[in-house]
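Using the hints, position chain H against chain B.
Number of protein chains: 2
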Amino acid sequence: MTIITSVDVVDVRFPTSLTADGSDAMNKDADYSAAYVILHTDQPGLGGYGFTFTIGRGNEVCVLAAELRARPLVGRSVEELVGDLGGIYRELKSDSQLRWLGPEKGVEHLAMAAVMNAVWDLAARVAGKPLWRLLTDMTPEQLVDVADLSYVSDVLTREEAIGLLAELAPTRAERVERMAASGYPCYTTSAGWLGYSDEKLRRLCQEAVDAGYTHVKLKVGANLDDDLRRLRIAREVIGDEVNLMIDANQVWDVPEAIEWVKALAEFKPLWIEEPTSPDDVLGHAAIRRAVAPIGVATGEHGMNRVLFKQFFQAEAIDFCQLDSARLASINEILTVYLMAKKFGIPVCPHAGGVGLCELVQHLSVFDYVAVSGTLENRVTEFVDHLHEHFVEPCVVENGAYVLPVAAGYSAEMTAATLEEFAYPAGSYWAGAARRA
Amino acid sequence: MTIITSVDVVDVRFPTSLTADGSDAMNKDADYSAAYVILHTDQPGLGGYGFTFTIGRGNEVCVLAAELRARPLVGRSVEELVGDLGGIYRELKSDSQLRWLGPEKGVEHLAMAAVMNAVWDLAARVAGKPLWRLLTDMTPEQLVDVADLSYVSDVLTREEAIGLLAELAPTRAERVERMAASGYPCYTTSAGWLGYSDEKLRRLCQEAVDAGYTHVKLKVGANLDDDLRRLRIAREVIGDEVNLMIDANQVWDVPEAIEWVKALAEFKPLWIEEPTSPDDVLGHAAIRRAVAPIGVATGEHGMNRVLFKQFFQAEAIDFCQLDSARLASINEILTVYLMAKKFGIPVCPHAGGVGLCELVQHLSVFDYVAVSGTLENRVTEFVDHLHEHFVEPCVVENGAYVLPVAAGYSAEMTAATLEEFAYPAGSYWAGAARRA
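Here the protein sequences line up with chains B and H, keeping their order.
So that you can map any letter, position 412 of the first sequence is 411 in numbering that gives the first Met the number 0, and since no number is skipped, the others follow by simple counting.
So that you can map any letter, position 387 of the second sequence is 386 in numbering that gives the first Met the number 0, and since no number is skipped, the others follow by simple counting.
Chain B with its partners taken away, still in its complex shape (with noise of 0.2 Å):
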């Protein structure tokens, strides 16, 4: 029997605000950080890692809430933990007092996120397979089991959720053999950012084009006359054919938002990002009426599976942008992916940030294996930065994911990462304090 020993939580940061990598509307000084958690276990070399994405300060408040929602975990059997999936979310999901403090989002969402990863990773690695084969090689029973049903039961039963899955799963192979020929096609926000001047936009989109990609993002919201000639710049260098999205970051109010969208619609957005409060699920719908044929997306701050529900519901949103380490993990995940399939909206995962990538590589290959079964509208988001610090990180190759081979999800950050970048004690922010 392997013993789950201790659970550590590591406060890591990395210094993204020195070169406006990630400025937006909204965030104009981000320092992409983590809440990373390791599950020590008596097994020499294994180990669970899984973290939540966070922007710098307050990454210690989600530490001590991931610490905290952690701790019934240490001293439990490996097997007993894995072999019940379920179980042991709602196990720590169940807490009351803690719950009162979302329930099922802000902080403590993000910290039961965090932890929840870093046990379906060490799933993973037990089984010796990338997490999404692990979930592949699952049952539709299996993959209903686990997933969180309640409050959702209005739009998805148990049955029907068993069915969406048993539709697909005897041509599942086929699609994987697909993946590992081609991988799944991802966009890029990299070219995209506010703090970016102009010439390096207009290189960066010529890049993106160059290197396969059909989907280029860019940041709007701030000032309406630079996203004119930002965008104008964009669709001179990419063309007719590659699709443009914009992404506003939650800066407009409603009517402000269909206003702004409808004077940048000459440039023909695939989808406008976050217009508005990621709470409003009404207002997404009015914007969404009002901009049409112009999409809109959200789903990177959506708090959890009610209020996707509701996006669904509401016929809100064309695209559906879940974000890894925002919704608790798995369990929550597959919920939101099994209500899309039922209401027809493609995900189209966020991503960037610290290890996102690494982890939505596996979300995106499930959903096309086993669950939405098609490639249409779909791509997922990709940023190339800070993939360095993961012992396995994402490869992109011809405007696509490659398909993860490794056991886990991807999530281990490499020990030299955490050494310098550990917040405050690790080497690069002890010599920025001896600096200042």
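Mixed in with the good hints there might be a few duds.
All copies of an identical chain are treated as equivalent in the list; a pair is satisfied when it fits inside any one copy or across any two copies.
[To be verified] Calculated pairs, SDA-like style, for lysine to any residue (alpha carbon to alpha carbon, straight line, at most 25 Å):
no., residue 1, residue 2
1, K199, G430
2, K128, A313
3, K261, T156
4, K128, K341
5, K341, A313
6, K27, P169
7, K261, A179
8, K261, A415
9, K341, A284
10, K341, L281
11, K27, A421
12, K27, E255
13, K27, G162
14, K128, L374
15, K128, E265
16, K199, V404
17, K341, D252
18, K27, S95
19, K261, P169
20, K199, D83
21, K128, R201
22, K27, L148
23, K199, D209
In short, the hints are calculated from the structure, not lab data.
Frame of chain B; chain H shown alone:
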């Protein structure tokens, strides 16, 4: 000039789980707690006091979040702060790194509530007025200047908000007189906790009627047979004239809520409170349509003004139960009151917990005097415990909150309470650790 010299945030916990006070279908072992903020100034005797309410474990996460959130206050001029209560709110809220952890929900929003409650308490003390008086002495323009109208302009513009307040401004004085004469009507939840025996329930219902209450609330949702028996007992004791409310504390999915509430319809509840996930606007709307004429109430876990906006837009609730320590203090609470006025929905604030009654008495008086102008269908929660820990506890007589007169937001705890119940170093908890 007076300066804020430092901020303390104290983890205060009361061992309420020992007596089953506060037990409901979702929360069986609550230790009522507060992340309690003290703003110290260099003027002897002047401080600001505020808190958010939690139910035990995880309170330390809120404490850490409140420490971070309050940091920009240290060194500030008190005069500047209280002279621009909208400005300081927007400044604290604008921290984009902390915003990422919500936005405007969960632990970070609870922390914002605690800090801004202390700022408003300080402002009222500086003015030498109880908070309700500070607010009712402000002009419509001044009130709207401090209200957070971001993300709600699709339902409420600044001009509309001023107009709503201007209507009632000339007659505020007469309603203040009525409040001074007879107080603000309240109802009691003290009778109905799930953990109480039938005998205790019967006795407490009788005591409630004898004390002049016209509304009594019971917890439901754990077991239908128990609910039927307990509601029968309650109706026997209180008769048909007294209103009976029921509260499920979020235990049901939407279809189950509809079925269960219909099974209890014979007892003619005035409202069903928290029938399902507090995030489920469309779910509440579906329940409301199905169980009418039983009303639907929610709000104690209502995370922010964007959620309440949608409850109003979707005609999802009959009663709005905003929470004084979950919304971001007066700046956001004002917005919810103004939207409720526009949509014609009565606000019956959530209270109980630790010190929530002390806060909401100010809110309800303000609402009556300056916003709604009516008591129709309005009744504010009162739970009779833990008041002894406050320097100026609320007073209830004849089923009504007596108009508070002391300067401030009634939020200050006694020194003896902090000495005894600070966690884990206070004398009670240190003693409990020794006894264990």
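Hints versus structure:
1. K199 <-> G430: This pair counts as neither: shortest intra-copy Cα distance 30 Å, inter-copy 64 Å.
2. K128 <-> A313: neither (38 Å within a copy, 46 Å between copies)
3. K261 <-> T156: between (39 Å within a copy, 22 Å between copies)
4. K128 <-> K341: For K128 and K341, the Cα distance exceeds 25 Å both inside one copy (28 Å) and across copies (57 Å).
5. K341 <-> A313: both (14 Å within a copy, 23 Å between copies)
6. K27 <-> P169: neither (48 Å within a copy, 45 Å between copies)
7. K261 <-> A179: Neither, since 40 Å and 54 Å both go past 25 Å.
8. K261 <-> A415: Classified as neither: same-chain Cα gap 48 Å, cross-chain 61 Å, threshold 25 Å.
9. K341 <-> A284: Intra 18 Å, inter 22 Å, cutoff 25 Å: intra and inter.
10. K341 <-> L281: both (20 Å within a copy, 18 Å between copies)
11. K27 <-> A421: within (22 Å within a copy, 38 Å between copies)
12. K27 <-> E255: Within one copy, since 21 Å is at most 25 Å while 45 Å is not.
13. K27 <-> G162: neither (45 Å within a copy, 36 Å between copies)
14. K128 <-> L374: within (23 Å within a copy, 63 Å between copies)
15. K128 <-> E265: neither (47 Å within a copy, 56 Å between copies)
16. K199 <-> V404: Classified as neither; 34 Å inside a copy, 62 Å across copies.
17. K341 <-> D252: Intra 30 Å, inter 19 Å, cutoff 25 Å: inter-copy only.
18. K27 <-> S95: between (36 Å within a copy, 8 Å between copies)
19. K261 <-> P169: neither (45 Å within a copy, 43 Å between copies)
20. K199 <-> D83: Neither way: K199 and D83 sit 49 Å apart in one copy and 41 Å across, limit 25 Å.
21. K128 <-> R201: neither (41 Å within a copy, 59 Å between copies)
22. K27 <-> L148: between (37 Å within a copy, 23 Å between copies)
23. K199 <-> D209: The answer is within: 15 Å in one copy meets 25 Å, while 76 Å across copies does not.
Hint compliance for this structure: hints 1, 2, 4, 6, 7, 8, 13, 15, 16, 19, 20, 21 are broken, all remaining hints hold.
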